[in-house]
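Take the sequences, apply the hints, and build the full model.
Counted the way the numbering used here counts, the sequence shown spans residues 166 to 366.
Don't take every hint at face value.
Between beta-carbon pairs, the in silico distance windows are [claimed, not checked]:
no., residue 1, residue 2, range
1, ASP282, SER313, 10 to 20 Å
2, THR287, SER313, 12 to 22 Å
3, GLU271, PRO317, 17 to 27 Å
4, GLU310, THR195, 36 to 46 Å
5, ASP218, LYS256, 16 to 26 Å
6, ALA261, LYS226, 14 to 24 Å
7, LYS285, ASP184, 18 to 28 Å
8, LYS355, GLU271, 14 to 24 Å
9, ASN297, SER234, 31 to 41 Å
10, ASP198, LYS355, 33 to 43 Å
11, GLU310, GLY246, 36 to 46 Å
Simulated from the structure, these hints should not be mistaken for lab results.
Each residue gets a CB set at the ideal place from its N, CA and C atoms; glycine is no exception.
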Amino acid sequence: MKSENYIFAKLNGFSADVDRLKKHFLEEVTSVDPILYKDNNVKYYGWAVLSRDGSLEDGIKRISASVKSVRGVTPTKICSGYLLEVIQRLKEMGVAPYRARLMQLEAEGDEMPFHTDAAKETWRLHIPIVTNPDSLFEWRREDGEIESVHLPADGSAWLVRVDVNHRAINRSKGQSSRVHLLMGCGDGLKQGMLSEPAIQL
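Okay, structure coming up:
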């Protein structure tokens, strides 16, 4: 599977213990005040896991293109215990994670518009920790067709293209947040990293 031919895939050979990640999130992460971030009409709460300066704030909000390009790879104080084990495992697999963060997407009336985050092939990795069936990741193809997937919190890591028009939505009717560990993939995707289920470009 050549990465340039896909917009979505499962990371081959990876599995995390979601219960342990959720425990770390509830006991360690939420005891620290999050960074509130409103972007593309929706509200996020975020905590940096790997940042440029080791702070919990860096990398939560959009980083300006005019800022010198330095990848956030310094662990923050919440990058400990099992969460650190997961980051180390991804490094061992060659993912080269950077700007890793925990992002909590609230269920709101407004929906994020479709947008792109890069001009060339760029992937982001998501590990869902808390989710609901109405939390979706969508892409809009050039012909207007929309591809929509739900990323289950089953321990898998999901790879999503962000140079293609995309958005994350949480259409839950109740007060149901969606929490994902997400990060950039520093060295691109190597042969054999992508596996089914997958969606072609």
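Here is what the structure says about each hint:
In this structure the supplied range 10 to 20 Å holds for ASP282 paired with SER313, their Cβ-Cβ distance being about 18 Å. THR287 and SER313 have their C-beta atoms about 20 Å apart, which keeps the hinted 12 to 22 Å range intact. Checked against the given bound of 17 to 27 Å, the beta carbons of GLU271 and PRO317, roughly 20 Å apart, stay inside it. Here the CB-CB span from GLU310 to THR195 is close to 38 Å, well matched to the stated 36 to 46 Å.
Evaluation of the 16 to 26 Å hint for ASP218 and LYS256 yields a pass: the beta carbon distance comes to about 20 Å. For ALA261 and LYS226, the Cβ-Cβ distance of about 22 Å falls inside the hinted range of 14 to 24 Å, so the restraint holds. Distance hint check: the CB atoms of LYS285 and ASP184 are about 37 Å apart, inconsistent with the given range 18 to 28 Å. Under the hint 14 to 24 Å, the C-beta atoms of LYS355 and GLU271, about 35 Å apart, miss the expected range.
For the pair ASN297 and SER234, the beta carbons lie near 35 Å from each other, so the given range of 31 to 41 Å is met. Between ASP198 and LYS355, the C-beta spacing of about 37 Å keeps the proposed range 33 to 43 Å intact. Distance hint check for GLU310 and GLY246: the Cβ-Cβ separation is about 42 Å, which falls inside the suggested range of 36 to 46 Å.
The structure fails hints 7 and 8 (numbered hints given earlier, in ascending order).
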